[in-house]
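As you go down the protein sequences, you meet chains A and B in turn. The first sequence begins at -13 in the working numbering and counts up by one. The second sequence begins at 209 in the working numbering and counts up by one.
Check before you lean on any hint, since a few could be wrong.
Chain B residues, not near chain A, derived (Cβ > 12 Å throughout) [said to hold, decoys possible]:
#1 Phe218
#2 Glu223
#3 Ala236
#4 Ala278
#5 Gln283
#6 Pro296
Pair ranges (Cβ atoms, derived) [to be verified]:
#7 Arg23/A - Thr241/B: 40 to 48 Å
#8 Glu(-3)/A - Glu347/B: 18 to 26 Å
#9 Arg(-12)/A - Glu347/B: 30 to 38 Å
If you're looking for bench data, these hints aren't it; they were derived computationally from the structure. Note that beta-carbon positions come from the ideal geometry of N, C-alpha and C, so glycine has one too.
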Amino acid sequence: MRVLYFAWVRERIGLPREEVETSAQTVAELVAELRGREERYALAFSDLSALRVAVDQEVVGFDASLTAAREVAFFPPMTGG
Amino acid sequence: MSVRVQEDDFDIGAEIDALCEGRVDIGAVVSFTGLVRDMGGGAQLSSMALEHYPGMTERALETIEAEARARWPLQGVTIIHRYGELAPGARIVLVLTASPHRAAAFEAAEFLMDYLKTRAPFWKKETTEHGGHWVDAREADDLAEERWRQ
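Between the sequences and the hints, there should be enough to build the whole structure, so can you do that?
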């Protein structure tokens, strides 16, 4: 599964994207796996209320299913315009 | 294509001409342009970097455009949003709406901007003499979007 990071999430983790081998069934399970990896991931995912997530380019909740998902993206609330 | 995400600047007059070309049924065109503003706050802004999510950005803007077209009798819509490094005063975003009468064009332009602010995957990072910081989302922008759903 392709995992993307944007804005300060990208900066904290130090990567714009990576391929992740996972059996996580939901976004929350994926977050738990990533948090357990290294300090920089734990830091990036320390406050989920400051984060948004998109699965296959649709914004979803952290309880969303990852069944058949190809791409998951984590980012702060959007600030365009 | 009425939705464009690009690094390059845009020409507002040329975009209005393109929207109206060959048509005599349009009665009103509203344009909104967003600019990089020096926020003050004690430190002068030297530049603003706009990051986006290629692919999702275009999809989100097309969805927002479709919602506006479903709500108002629009004859044309143009949305251009820039990304990359932008200097104070630079143009960031252009929204054009065309309709037979002005009310629909005004309302739709405001709707498009309110939705774009909270739903299009862009993130702004400001650089001042004190370094860089990511711009926080504003509650006022969430409230502005919510009122269209009431």
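* **Non-interface claim for Ala278/B versus chain A (Cβ beyond 12 Å)** => holds, 19 Å
* **Check on Pro296/B being off the interface with chain A, judged by Cβ distance over 12 Å** => holds, 16 Å
* To do: Please settle this one: Gln283/B was flagged as non-interface, so is its CB more than 12 Å from every CB on chain A?
  => holds, 23 Å
* Is it the case that Phe218/B keeps its Cβ farther than 12 Å from each residue Cβ in chain A? -> holds, 15 Å
* Asked: Does Ala236/B really sit off the interface, with its C-beta more than 12 Å from all C-beta atoms of chain A?
  -> Since the minimum Cβ distance to chain A is about 22 Å, Ala236/B lies beyond 12 Å and the statement holds.
* Asked: Do the Cβ positions of Arg23/A and Thr241/B conform to the proposed distance bound of 40 to 48 Å?
  -> The hinted range 40 to 48 Å holds for Arg23/A and Thr241/B, with Cβ atoms some 44 Å apart.
* Nearest-CB test (12 Å) between chain A and Glu223/B -> Holds: least Cβ distance 17 Å, greater than 12 Å.
* **Cβ distance range 30 to 38 Å for Arg(-12)/A and Glu347/B, holds or violated** => holds, 32 Å
* To do: Given the hint of 18 to 26 Å, check if Glu(-3)/A and Glu347/B actually sit that far apart at their C-beta atoms.
  => Holds - the Cβ-Cβ distance for Glu(-3)/A and Glu347/B, about 24 Å, lies within 18 to 26 Å.
The structure fails none of the hints (numbered hints given earlier).
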